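Which chain is which? The protein sequence lines are A and B, in order.
For the first sequence, counting from 1, position 19 maps to 19 in this note's numbering; every step adds exactly one.
For the second sequence, counting from 1, position 97 maps to 97 in this note's numbering; every step adds exactly one.
You may find that some hints are simply not true.
When the alpha-carbon atoms are kept at most 30 angstroms apart in a straight line, the in silico DSSO-like pairs for lysine-lysine are as follows [to be verified]:
id	chain 1	residue 1	chain 2	residue 2
1	B	Lys-56	B	Lys-77
2	B	Lys-68	B	Lys-56
3	A	Lys-57	A	Lys-13
4	B	Lys-77	B	Lys-60
5	A	Lys-57	B	Lys-68
6	A	Lys-57	B	Lys-52
Think of the hints as simulated: they come from the structure by calculation, not from any bench.
Values in this document were obtained by computation on a predicted structure and should not be read as measured data.
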Amino acid sequence: KAGVTQTPRYLIKTRGQQVTLSCSPISGHRSVSWYQQTPGQGLQFLFEYFSETQRNKGNFPGRFSGRQFSNSRSEMNVSTLELGDSALYLCASSLEGLSNQPQHFGDGTRLSIL
Amino acid sequence: GDSVTQMEGPVTLSEEAFLTINCTYTATGYPSLFWYVQYPGEGLQLLLKATKADDKGSNKGFEATYRKETTSFHLEKGSVQVSDSAVYFCALGGAGGTSYGKLTFGQGTILTVHP
Numbered sequence: 001k002a003g004v005t006q007t008p009r010y011l012i013k014t015r016g017q018q019v020t021l022s023c024s025p026i027s028g029h030r031s032v033s034w035y036q037q038t039p040g041q042g043l044q045f046l047f048e049y050f051s052e053t054q055r056n057k058g059n060f061p062g063r064f065s066g067r068q069f070s071n072s073r074s075e076m077n078v079s080t081l082e083l084g085d086s087a088l089y090l091c092a093s094s095l096e097g098l099s100n101q102p103q104h105f106g107d108g109t110r111l112s113i114l
Numbered sequence: 001g002d003s004v005t006q007m008e009g010p011v012t013l014s015e016e017a018f019l020t021i022n023c024t025y026t027a028t029g030y031p032s033l034f035w036y037v038q039y040p041g042e043g044l045q046l047l048l049k050a051t052k053a054d055d056k057g058s059n060k061g062f063e064a065t066y067r068k069e070t071t072s073f074h075l076e077k078g079s080v081q082v083s084d085s086a087v088y089f090c091a092l093g094g095a096g097g098t099s100y101g102k103l104t105f106g107q108g109t110i111l112t113v114h115p
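Working from the sequences, and respecting the hints, build out all of it.
Structure follows, in structure tokens:
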């Protein structure tokens with residue numbers, strides 16, 4: 001069974017640009033969550049999508065947005081990039097996003113802002 | 001809100017030593033608890049889980065018991081190997097509808113095992 005796939009693995013952008021990251025969940029998983037990982041703040045929850053609807057959202061500015069498609073694939077968009085957005089962005093999938101269901105992570109997209 | 005506190009790192013051990021990484025949590029209701037491991041350049045891999053009080057999760061020689069009375073979920077392994085060198089994260093899946101798809105993580109503990 002294929003795992004969670006994130007593309008691209010690496011991205012370099014400049015301040016003010018926007019970026020779109022992609023995530024393909026494990027087949028049969030309908031919940032997709034996104035996290036930001038930085039050395040200073042650790043792992044922080046961005047948002048979760050289930051059946052094309054955002055059900056939960058972390059404490060991030062509106063520049064961070066996402067969507068989910070009917071095949072459960074998800075994209076995350078960051079607009080007006082800032083230096084502080086440099087991070088590893090991780091996507092995780094689970095069957096239904098319930099608390100007792102483990103999340104399975106992709107290898108992440110490393111975003112660097114120059 | 002929910003929170004997870006892990007022991008300060010990094011932890012350095014010799015091969016075959018005993019490992020304990022402490023994890024305590026604050027949450028309302030009955031959360032689920034997880035340990036994840038992250039190797040360099042990779043995402044997080046689920047190591048083990050426990051979904052109710054007194055459950056013991058185990059995998060690859062690692063164990064952790066969900067202790068509600070002490071709000072703890074300490075990770076243990078009897079004999080570590082060099083290949084166990086990685087970053088370990090304790091995580092909590094909160095109870096209730098506002099916790100859909102959200103894991104709250106501890107700060108991570110870097111483990112280095114020397115031959």
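Hints violated by the structure (listed by number, smallest first): none
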